[in-house]
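Novice: Given next are the chains, with one letter for each unit.
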Amino acid sequence: MTQYSILCVGSETDIDEMRGAIEQRDTLNPVVRTSVDGAIEAIETKSVDCVVTEYDLPDGTGGAIIEAIRDQSPNTPCVLYTSLSPAQIDTNSFDSVGVEYFNREMPDAHDRLGFVVEDIITHNAHAGFLLPDDEKSRLEALAEYDVDSLPIDESFERLTGLIASHFDAAVAFIGLIDRTTEDIIACTGSDWDMLAREDSICTHSMLQDDVMVVEDITADARFRNNDTLHQLGIVSYAGANMTTAAGNTIGQVCVIDHEPRSYSKVEQEDLQEFADLAMELLELRHTIDDGTTTETPT
Amino acid sequence: MKLSEEGTFDASALSLGAIPEGTSILLTGDDTDAIETVFYHLVAAGENERSLILATETNGRTVNRELDRIEYGISNRSTVLSCRGATDSNITTVDDIADLAGVGMQFSALVAESGTMAASQRAGILLCSSICQEVDDIQSVFRFLNANFLSHLRRDGIMGVCAVDTSAEIGGKIDGLVETMAEAFSAHISVESADSEEVTLHLDGDEVESKSVTLTLSD
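Going down the list, the protein sequences come from chains A and B. The opening residue of the first sequence carries number 0 in numbering that gives the first Met the number 0; numbering runs sequentially from there. The opening residue of the second sequence carries number 0 in numbering that gives the first Met the number 0; numbering runs sequentially from there.
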């Protein structure tokens, strides 16, 4: 069972109640602090999966803790567990990080806090992007491949070379979409190795069954203000899903150009063929690796 | 309004039958009046239910009136979080719709409060396209939907409706936005208006029976 470290921050008088609520869930391990300074020290020295904090603290507010975790680990979810109303909370520092408001005065607050924290972590519920329905099983499927251990990079590099040549595209890449990042396993035409999931067009493309084409990102509301895409010189995009036999989309095969561009129906079908081929390569490598591992004496 | 079977929400007024709890519906169309009419029918609380409505362009009293037009007294089972107008017994207001962290906290507080009053809840956003128009960064809308709206639906078995006016000017093509959003919701209803009263609803999704129904909606 995966264990999660939960930083619990409250005053001396109420921290035991918060700790008790977290300890009700077997998967959650509280790390308790009773001040802003103590919480920031914990953020800097410990691995934290979620922060649960009171807003009013003896030496400051929960807002300072949220800012600290945002600097250290932007995707770590935070819960404000407080008796203050939302109107009493300064939300100016919360713009770019998920913060859940939880009224600790509600009758079932103590029993529900652990459930909510577990839900936030397991469903990636504070991500700055929309998730597919099967996100949990999709991540489990991706983890099964243990891609870092597979000798797949060279095959994928050759494939992206073919794809870039076939489409006469500036860039072709194969990316696997993890919890918060898209890990670019192979890339021809550039040296990208990772994109934040909330910045990646593939985050949107993976939600569609068919090939997604963005002819010009400046004309698309989803991407026109995405600075990362502009900095990378991405103007047009086409992406096809890499989907497992069980139906989980774990990655994308994409072509990029530095100018507006459309893709014909045939070209889109070709791109999907390349994506299916990439998936077959991954399956094959995984199967071979599994067999090798099984046959190796321990 | 009919009493729903346990674990479902009645939508028979729209000929959509029973909608399972936890269903998230993206409601789209380019006829604002038609979208609003369908929206109110979907979120109107049945007996033993409560509804929570985030109204971006409509003041709380208007929302109450629209609900009561469906059946008098429904507004008594509703809570409105509005970006316009004055507060009232069941109306909370927010100053700035673009402050999605603040809106989200208010929404969470009201979901929790509403949950203490009824076992079953409906919730809705009218109109999400207005939020898209107000924010600088569309990703903040995705974050709000994911971290707040859709999370509450999943955790609490709430039936939720997010309405998008596809005729809204959001500084770029809206089709892609709708496609992205539709895949994160469990059902999609697109509203097609034939004339001022007749509309066709196209329902599609993984957890609902796909169908098209044509209705005459006077209110």
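It is worth saying that the hints were derived from the structure and are not from the lab. Take the hints with a grain of salt, since some may be wrong.
Each computed SDA-like pair below joins lysine to any residue, with the alpha-carbon atoms no more than 25 Å apart [said to hold, decoys possible]:
1) B:K172 <-> A:H285
2) A:K264 <-> B:E182
3) A:K135 <-> B:D205
4) B:K210 <-> A:D208
5) A:K45 <-> A:A63
6) A:K45 <-> A:P73
7) B:K172 <-> A:T227
8) A:K264 <-> A:L276
Anything over 12 Å on all C-beta distances counts as not near chain A; from chain B, calculated [said to hold, decoys possible]:
9) T7
10) D30
11) G45
12) N63
13) V93
14) D136
15) N147
16) K210
Virtual Cβ for every residue (Gly too), placed ideally from N, Cα, C.
Novice: Next step is simple, just say for each hint if it's right about the structure.
Specialist: Against the structure, the hints come out as follows:
Using a Cα cut-off of 25 Å, the hinted pair K172 of chain B and H285 of chain A is violated, with the two alpha carbons roughly 40 Å apart. Between K264 of chain A and E182 of chain B, the direct Cα distance comes to roughly 22 Å. Compliance with the 25 Å bound is thereby established for this hinted pair. A hinted pair counts as satisfied when its Cα atoms are at most 25 Å apart, and K135 of chain A with D205 of chain B qualifies at roughly 17 Å. Straight-line distance between C-alpha atoms of K210 of chain B and D208 of chain A comes to about 20 Å, which keeps the hinted pair within the 25 Å bound.
Only pairs whose Cα atoms come within 25 Å are accepted, and K45 of chain A paired with A63 of chain A is accepted, the gap being roughly 17 Å. With a C-alpha separation of about 15 Å, the suggested pairing of K45 of chain A with P73 of chain A holds against the 25 Å cut-off. This hinted pair checks out: K172 of chain B and T227 of chain A have alpha carbons roughly 20 Å apart, not beyond 25 Å. Under the criterion of a C-alpha separation no larger than 25 Å, the hint pairing K264 of chain A with L276 of chain A is consistent with the structure, at around 18 Å.
No Cβ of chain A approaches the Cβ of T7 of chain B within 12 Å, the least distance being about 19 Å, so the stated non-interface status holds. No Cβ of chain A comes within 12 Å of the Cβ of D30 of chain B; the nearest lies about 20 Å off, and the non-interface call holds. No Cβ of chain A comes within 12 Å of the Cβ of G45 of chain B; the nearest lies about 23 Å off, and the non-interface call holds. At roughly 22 Å from the closest C-beta of chain A, the C-beta of N63 of chain B stays outside 12 Å, upholding its exclusion from the interface.
Against the 12 Å criterion, V93 of chain B falls within the reach of chain A, whose nearest CB is about 9 Å from its own CB. For D136 of chain B, the requirement that its beta carbon stay farther than 12 Å from each beta carbon of chain A is not met, with the minimum near 6 Å. The claim that N147 of chain B lies off the interface is violated: its Cβ sits roughly 8 Å from the closest Cβ of chain A, which falls inside the 12 Å cut-off. Here K210 of chain B stays apart from chain A, with its beta-carbon at least about 20 Å from theirs, past the 12 Å limit.
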